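> Residues per chain are reported as follows:
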Amino acid sequence: MKRVSRISVMALSALAVWQLVVTLGDLPAFILPGPGRVFATLWISRELIAEHALVTTVEILLGLTLGSALGFASGIVLVASPAVRSVMRPMLVFSQAVPVFALAPILTLWLGYGLWPKVATALLIIYFPVTSAFFDALMRTPRPWVELAHVMGARPSRILWRVQVPAALPGFASGLRLAAVYAPIGAIIGEWVGASQGLGYLMLMANGRAKIDLMFAALLVLAVLTLLLHATIDAICRWLWQS
Amino acid sequence: MEMSAPALRIFGHASIAGVPIFSSLSFEVPAGGWSCLLGPSGVGKSTILRLLAGLDDGVDFKGEIATSDGAPLHGRVALMAQNDLLLPWLDALGNVILGARLRGAAPDRDRAREMLRLVGLTGHAGKKPAALSGGQRQRVALARTLMEDRPVVLLDEPFSALDARSRGLMQDLSAELLSDRTVLHITHDAAEAARLGDRVLLMTRAGISAITPPQSATPRPYDADATLLFQGHLLRLLMAA
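If you're matching them up, the sequences are chains A and B in order.
Numbers -18 to 224, taken from the numbering used here, label the letters of the first sequence in order.
Numbers 164 to 404, taken from the numbering used here, label the letters of the second sequence in order.
Simulated from the structure, these hints should not be mistaken for lab results.
All figures in this text were calculated on a predicted structure; none of them were measured in a lab.
All the pointers check out, no bait thrown in.
Examples of chain A residues toward chain B, derived with CB under 7 Å: (1) Pro125; (2) Glu128; (3) Leu129; (4) Ala130; (5) Val132; (6) Met133; (7) Gly134; (8) Ala135; (9) Arg139; (10) Arg143; (11) Pro147.
Each residue gets a CB set at the ideal place from its N, CA and C atoms; glycine is no exception.
Could you build all of it, start to finish, from the sequences and the hints given here?
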């Protein structure tokens, strides 16, 4: 209850500041529409926005699932094989030096205008934080635990699955929490580069047609989606950790 | 126990990257008895224990670790450290059966419950380590060690983090439950060595020497004159080293 009321207070304050800026700055609606106008548009265009939000949500969830799975697998491989680690770690860092924004047009070229280039940008943007957080946590397994397992006669693969992986799950979870915030960015980048559906597409289209209130409504929905996703992932991680 | 406890004989010297950890030493750990290896920090006590446990730290050991029955030590050793090393995501029972799970064997839960009963933790099987006190956690570690049922038990200052009362109780309990096994107990506490050692080995920079303990059976009463005298004797030797 305390959390809900705190969030409500924060949201209301943000809306008040927004309205204040519009009123005091005497801004025209095509520069910054007030919250009232945006909420009215949100209601009027609810079907349109929902349709596009659904597309973006599917992209985000697919990107998140595939990216997390790939990050988990990469963390395991990196820890299990020092040979792979020595080759793959510099490549991982290098891959981060190429901005996803720059890759998005190429992905569109390769994968077309449909769902998959957006899933790919979402995946690419979360892959590094998830892998990195999980790998670091795996490497931080307290040595005495691993040594005890050795003395007990465990094979390295069992030590990995029964000691290192469970010990690293909180690290993986913090990677997932980051991913929940980054994945929507990836999907939107993909949509901006080339799409006919999705909230990113809707925002670009609304902007082009000077429907700034619609653009803000779509942005608002995207922000709420991201927050919901983050809260859901957070709750799942907590639940998993407790059981 | 599947096999009777062997005696151990260790001689040699060790270094890491050319830096000596301990110089030439030689000592024996009698079969089925409790040997305390007493010494100040930094003389290489733990290195000896880790060598016996088969843990590779990049230590260059020149010498021999021999068993009285000639069989290798590997797979016949259980380890109990200063930290209880309980896995926080497993409950007490899960921690006791950890060894079996790690070896891919079917865990014997009834026996694990029996071990928890032996260490006085009936009714705590479902508790996570965070819900147990320091003394209780170390008892779970003892139950886990007993569950492993190894003829040789290596103790690396397992009671040093406990308060005086818990330490005394744990010493009694361990001495009772680990009797008949070959125990090598690393400690820097003269009082502990005086209570528990059937054999007491003093380790200093000069090497290892056996100090004859009182004749009385272990665990010796903590307040008996013989125990306290021997404790004083050990402390004098430690101070002089």
